[in-house]
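Enquirer: Dock chain B against chain A, hints included.
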Amino acid sequence: MSDTDKEKEISPQADSQALEADVQAASAEQAAPEPQVESPRAAAPRPQVALPQDKAPMNPYLAGVLLGLTLLASYLILGAGLGASGALARLGAVLEHAVLPARAEASAYFGPWFPNPLSYYLVFMLAGTFVGGLVSAASGGRLRLMIERGPTASRARRLALALIGGVIAGFASRLAQGCTSGQGLSGGAVLLTGSFLFMGCLFATGYLTAWIFRRQWT
Amino acid sequence: MIATLYSTGQLNAPLGFAAALAIGFCFGLCLEKAGFGSSRRLAGVFYFTDMSVVKVMFSALITAALGLVAAQKLGIVAQDDLFLMPTILGAHAAGGALFGLGFAMGGWCPGTAAVGLGSGRMDALVFLTGVVLGSIGFNEAYPWVAPLAGYGSRGVVFLHQSLDITRDQLVLALTVGAVVMFWISEIIERGPAIGRPGVSRVFLAVFSILLCLAAVVALNLPRLNLAPGSGPALTASRAPAQPAPAAAPQGQAQNGQAASPEAQLLAAMASGKDHIEPEELARRLMAGEQGLTLVDIRSKAEFDAFHLKGAVNIPVQQLPEELASKRGHGIIVLYSNGMTHPAQARDALARLGFGNVYLLTDGLRGFFERVLKPASLRDGPVSAEQAKAITAARSFFLPAEIAAPSGAAAAGVLQAPAVLPALVEPAWLAANLGKPGLKVIDLRPQPQYNGGHIPGSFALNVESLRGNLAGLPSMLLPAPMLAQHFAQMGIGARDLVVIVTGEAPIDATLVAVALERLGHKRYAILQGGMKAWSAANLPKDTQLPTATATAIRPHAPEGPDGFTVTGREVQAAMAGGKTIILDVRPADYFAGTKSDEARPGHIPGAVNRPFTEDQAKSGEATVIKPREELEKAYAAIIPSKDQAVIVHCRTGHQASQTWWVLTRLLGYTNVKYYDAGWTEWSARPEWPAVTSPKPQAPSQAQGQQQGQQQGQEQQAPAQGQAQPQSQEKKP
Numbered sequence: 001m002s003d004t005d006k007e008k009e010i011s012p013q014a015d016s017q018a019l020e021a022d023v024q025a026a027s028a029e030q031a032a033p034e035p036q037v038e039s040p041r042a043a044a045p046r047p048q049v050a051l052p053q054d055k056a057p058m059n060p061y062l063a064g065v066l067l068g069l070t071l072l073a074s075y076l077i078l079g080a081g082l083g084a085s086g087a088l089a090r091l092g093a094v095l096e097h098a099v100l101p102a103r104a105e106a107s108a109y110f111g112p113w114f115p116n117p118l119s120y121y122l123v124f125m126l127a128g129t130f131v132g133g134l135v136s137a138a139s140g141g142r143l144r145l146m147i148e149r150g151p152t153a154s155r156a157r158r159l160a161l162a163l164i165g166g167v168i169a170g171f172a173s174r175l176a177q178g179c180t181s182g183q184g185l186s187g188g189a190v191l192l193t194g195s196f197l198f199m200g201c202l203f204a205t206g207y208l209t210a211w212i213f214r215r216q217w218t
Numbered sequence: 001m002i003a004t005l006y007s008t009g010q011l012n013a014p015l016g017f018a019a020a021l022a023i024g025f026c027f028g029l030c031l032e033k034a035g036f037g038s039s040r041r042l043a044g045v046f047y048f049t050d051m052s053v054v055k056v057m058f059s060a061l062i063t064a065a066l067g068l069v070a071a072q073k074l075g076i077v078a079q080d081d082l083f084l085m086p087t088i089l090g091a092h093a094a095g096g097a098l099f100g101l102g103f104a105m106g107g108w109c110p111g112t113a114a115v116g117l118g119s120g121r122m123d124a125l126v127f128l129t130g131v132v133l134g135s136i137g138f139n140e141a142y143p144w145v146a147p148l149a150g151y152g153s154r155g156v157v158f159l160h161q162s163l164d165i166t167r168d169q170l171v172l173a174l175t176v177g178a179v180v181m182f183w184i185s186e187i188i189e190r191g192p193a194i195g196r197p198g199v200s201r202v203f204l205a206v207f208s209i210l211l212c213l214a215a216v217v218a219l220n221l222p223r224l225n226l227a228p229g230s231g232p233a234l235t236a237s238r239a240p241a242q243p244a245p246a247a248a249p250q251g252q253a254q255n256g257q258a259a260s261p262e263a264q265l266l267a268a269m270a271s272g273k274d275h276i277e278p279e280e281l282a283r284r285l286m287a288g289e290q291g292l293t294l295v296d297i298r299s300k301a302e303f304d305a306f307h308l309k310g311a312v313n314i315p316v317q318q319l320p321e322e323l324a325s326k327r328g329h330g331i332i333v334l335y336s337n338g339m340t341h342p343a344q345a346r347d348a349l350a351r352l353g354f355g356n357v358y359l360l361t362d363g364l365r366g367f368f369e370r371v372l373k374p375a376s377l378r379d380g381p382v383s384a385e386q387a388k389a390i391t392a393a394r395s396f397f398l399p400a401e402i403a404a405p406s407g408a409a410a411a412g413v414l415q416a417p418a419v420l421p422a423l424v425e426p427a428w429l430a431a432n433l434g435k436p437g438l439k440v441i442d443l444r445p446q447p448q449y450n451g452g453h454i455p456g457s458f459a460l461n462v463e464s465l466r467g468n469l470a471g472l473p474s475m476l477l478p479a480p481m482l483a484q485h486f487a488q489m490g491i492g493a494r495d496l497v498v499i500v501t502g503e504a505p506i507d508a509t510l511v512a513v514a515l516e517r518l519g520h521k522r523y524a525i526l527q528g529g530m531k532a533w534s535a536a537n538l539p540k541d542t543q544l545p546t547a548t549a550t551a552i553r554p555h556a557p558e559g560p561d562g563f564t565v566t567g568r569e570v571q572a573a574m575a576g577g578k579t580i581i582l583d584v585r586p587a588d589y590f591a592g593t594k595s596d597e598a599r600p601g602h603i604p605g606a607v608n609r610p611f612t613e614d615q616a617k618s619g620e621a622t623v624i625k626p627r628e629e630l631e632k633a634y635a636a637i638i639p640s641k642d643q644a645v646i647v648h649c650r651t652g653h654q655a656s657q658t659w660w661v662l663t664r665l666l667g668y669t670n671v672k673y674y675d676a677g678w679t680e681w682s683a684r685p686e687w688p689a690v691t692s693p694k695p696q697a698p699s700q701a702q703g704q705q706q707g708q709q710q711g712q713e714q715q716a717p718a719q720g721q722a723q724p725q726s727q728e729k730k731p
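Here the protein sequences line up with chains A and B, keeping their order.
Sequential numbering of the first sequence, starting at 1, is according to my numbering.
Sequential numbering of the second sequence, starting at 1, is according to my numbering.
Think of the hints as simulated: they come from the structure by calculation, not from any bench.
Check each hint, because a few of them may be wrong.
[Said to hold, decoys possible] Result set (SDA-like, lysine to any residue): computed pairs, CA atoms no more than 25 Å apart in a straight line:
#1 K73(B) to K641(B)
#2 K326(B) to R103(A)
#3 K617(B) to S534(B)
#4 K73(B) to L69(A)
#5 K641(B) to L76(A)
#6 K435(B) to Q543(B)
#7 K326(B) to A106(A)
#8 K641(B) to D81(B)
#9 K578(B) to Q643(B)
#10 K326(B) to S119(A)
#11 K326(B) to L118(A)
#12 K73(B) to A73(A)
#13 K388(B) to A375(B)
#14 K326(B) to A102(A)
#15 K326(B) to V94(A)
#16 K326(B) to N116(A)
#17 K326(B) to L100(A)
#18 K521(B) to A71(B)
#19 K540(B) to P455(B)
#20 K309(B) to R378(B)
#21 K326(B) to V99(A)
#22 K531(B) to R627(B)
#23 K435(B) to S534(B)
#24 K326(B) to A98(A)
#25 K521(B) to L76(A)
#26 K73(B) to I77(A)
#27 K531(B) to L433(B)
#28 K521(B) to I77(A)
#29 K326(B) to P115(A)
#30 K578(B) to E631(B)
#31 K73(B) to L76(A)
#32 K73(B) to L163(B)
#33 K641(B) to G667(B)
#34 K326(B) to H97(A)
Chain A on its own, in the form it takes in the complex (with noise of 0.2 Å):
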């Protein structure tokens, strides 16, 4: 990303979205202008975690009504509902297969999933979700190459929890048969017992354990 590019972010915005905002969160959005860097708030009395100063996103509501509605349109013409970590899994046994190719095949796990992993209707799934995003942040000027986190978090700390948090994800949401799209939200919609016993243990830990990591975002 050039420098051209961020000064350009830097500029008020006065999108549709920044209109409707409330008198107050607009003027908060203009007390911290410079992008990545957050504003000194020592009064503030809880962690704070600073956005950058990309185009405002959509108005959550009406995102939240779209996506509910791709939710639908999913399970009326998949007959499934959406889902991600589903397609990782597969990866991860493709890539298992590609260093100890008779370990893979043989497994309890991954093994059903042979010859063709890939063959599956999520991994196109999340070829879309990333297409999608990617079109989205484009062309909503949100596009930008950096490692997000906080003005004073190390580079290394914020990836090793990332990447720690993406390994303790992963084996959940094969433990659990799906991630917050598959297990949360699409078995949310249809009501299902489980997906709810699983967002309220979700909420729950990361209530409970956010604390702990609240350093790489500030």
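Expert: Relative to the frame of chain A, chain B by itself:
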């Protein structure tokens, strides 16, 4: 009615991939637009600085849930056509807890990280790498984790069932709950807000009202009944279009643990992964493709009688040696008549390192049906191009004398009822008898069957579908055993089964429940059974039918069938007090004046509606009463179509009729079947039982006894035709 790609087995086929790609694109777009290409925004939910996660997730959840409720009520989609994940309490609780930790640490979840990567975030790439590694870790740890992964397996359970409320109540509560959370989120965010779209109070108020209004509208939509006889135009196209899902192997133990490798193998096979479709195989063979090894694993005699051009005949035991040189080279396609043996062989070969083995979907039978069946015998319209392809395939694969189009055979095309399952009249059966794809099962005792039966019908003793399961007698057998049973009779996944009973409709409905356990919905019950057939002077013969064993589609999601409940679940429902327990035994058994079991009486709070009240006489024959009459009768007992109901009798035989009437004829959506019934309940002294004082003369009870109860306590969930509530006695 939409036939989803899942229901037609095309989820993992090119069409499914294209649809998944498009839906994934929209998914990514929505997530990014919501601002979820940023980990700090996502993590913000855990620090109360940015509640977008809550707002977006619950707006989406409520939108989709309301949409699905509406779609189901309007008959646009059937619940059976959706893939619903079974609940495994241990796995979901532990998985959720761990996932929350990973989410808080990493600042991403898998879907948003894909979007984050699309937005250029390198921490998302690292997180995704972690998820892949974590998945490999799970695979490696699987032998140790497997017990937890299956702990607390409950089958497909809905939250409203677990909470013992109605679905409407739950949806309403969720909507209101979401609105409350939105307001709390906005209040929390009033503090420091950076880069977050502001939402005005006016907007949120309007949004809250619209959401609640949408909920009220969705919940009050008229239910377009999918039951036979009332099918609106929307549902009409369904039955003939029902495709052939891949048949999965029988005989392999289904151990009920959804995550076990065996179950996954079954699921993978059922979903068509590593299958080759008959059309595809025909195209490749006709093109003379090199590198395709086609193996016929049937007996030599069968092979000599007919085989696909280019096939070699290898007995199953010799497959590994004979195919050794082909391992990893080109593709190997195995076929037999059905799918069972090739699937087992494929499994064995896969474990020997053969990664290039494919199964012919639906076997030789499917090949005949889909590639070689003459255009004139097909259900749907055939384009000129398709007709040409069929003729070309027939002349390529079949001997000349068979390949020639025969005019005589073209007359019979099965006219299936528009909606299945259905009740059919003898005239319909007579008109369709002998047409391909129709199988008739005669449930009368063998001496009567031998004396004359509907031409081509098979004799079946209903008791052969039941046995002792874990100490409980007269239980409907597990799905794999039932599948085996029907397969031996030559009944395939696409066959329309017509069930013909001798006397009692309950025999027919018990077979219906067995088919339902397999997910086989292409069946109909002959109204009035054999007596109605005889009364109409329709033809009979004494010939035994011929059939070759085939494979029927076993129940797609492994594990429980979704409608059978255990005694423990009934006990929980009883304690909850919100489920109507419908005891369908004769009134004197319900009252406790008669008993063949360990204890007399009934489950406290149960409502009695003897199964015989759903029957009527039509001449000699016993028939199921007209739909309108039953509709009225049950409306008086069960307040709404999605009210939770459990039906039971003594052994599950009589209850099968009430279950079928409620779910398939009247369109009740939440009726469960307590198979073990009073036999089990009465034998567990720790479960309470009550007896009622003699209600009225039991002998004249059947038929018309509405409204004349001398009930004692009237606080049952429904009164109407309900039998008097009993005097509670501590057991």
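Enquirer: So, for every hint listed, does it hold in this structure?
Expert: Here is how each hint holds up against the structure:
1. K73(B) to K641(B): Given that 25 Å is the threshold and the Cα spacing comes to 10 Å, the pair holds.
2. K326(B) to R103(A): 21 Å, holds
3. K617(B) to S534(B): Satisfied, since the Cα-Cα distance of roughly 15 Å is no more than 25 Å.
4. K73(B) to L69(A): 17 Å, holds
5. K641(B) to L76(A): 22 Å, holds
6. K435(B) to Q543(B): Distance of about 17 Å is within 25 Å: holds.
7. K326(B) to A106(A): 20 Å, holds
8. K641(B) to D81(B): 19 Å, holds
9. K578(B) to Q643(B): Within the cut-off at roughly 9 Å; holds.
10. K326(B) to S119(A): 22 Å, holds
11. K326(B) to L118(A): Given pair K326(B), L118(A) holds - Cα atoms ~23 Å apart, limit 25 Å.
12. K73(B) to A73(A): 16 Å, holds
13. K388(B) to A375(B): 9 Å, holds
14. K326(B) to A102(A): 17 Å, holds
15. K326(B) to V94(A): Answer holds: K326(B) to V94(A) is near 22 Å, not above 25 Å.
16. K326(B) to N116(A): This hinted pair holds, its Cα atoms lying about 18 Å apart.
17. K326(B) to L100(A): Holds. K326(B) to L100(A) sits at ~21 Å (cutoff 25 Å).
18. K521(B) to A71(B): 20 Å, holds
19. K540(B) to P455(B): Holds - the C-alpha atoms of P455(B) and K540(B) are around 6 Å apart, at most 25 Å.
20. K309(B) to R378(B): Between K309(B) and R378(B) the Cα gap is close to 24 Å, so the pair holds against 25 Å.
21. K326(B) to V99(A): 23 Å, holds
22. K531(B) to R627(B): 21 Å, holds
23. K435(B) to S534(B): With a Cα-Cα distance of about 21 Å, the restraint between K435(B) and S534(B) holds, given a limit of 25 Å.
24. K326(B) to A98(A): Holds, at roughly 21 Å.
25. K521(B) to L76(A): Status holds; Cα separation ~20 Å.
26. K73(B) to I77(A): Given pair K73(B), I77(A) holds - Cα atoms ~17 Å apart, limit 25 Å.
27. K531(B) to L433(B): Measuring from Cα to Cα gives roughly 17 Å; hence the hint holds.
28. K521(B) to I77(A): Measuring from Cα to Cα gives roughly 21 Å; hence the hint holds.
29. K326(B) to P115(A): 15 Å, holds
30. K578(B) to E631(B): Given pair K578(B), E631(B) holds - Cα atoms ~21 Å apart, limit 25 Å.
31. K73(B) to L76(A): 14 Å, holds
32. K73(B) to L163(B): 22 Å, holds
33. K641(B) to G667(B): Holds: K641(B) and G667(B) sit about 7 Å apart, inside 25 Å.
34. K326(B) to H97(A): Since the Cα atoms of K326(B) and H97(A) sit roughly 20 Å apart, the hinted pair holds (cutoff 25 Å).
The structure agrees with every numbered hint stated previously.
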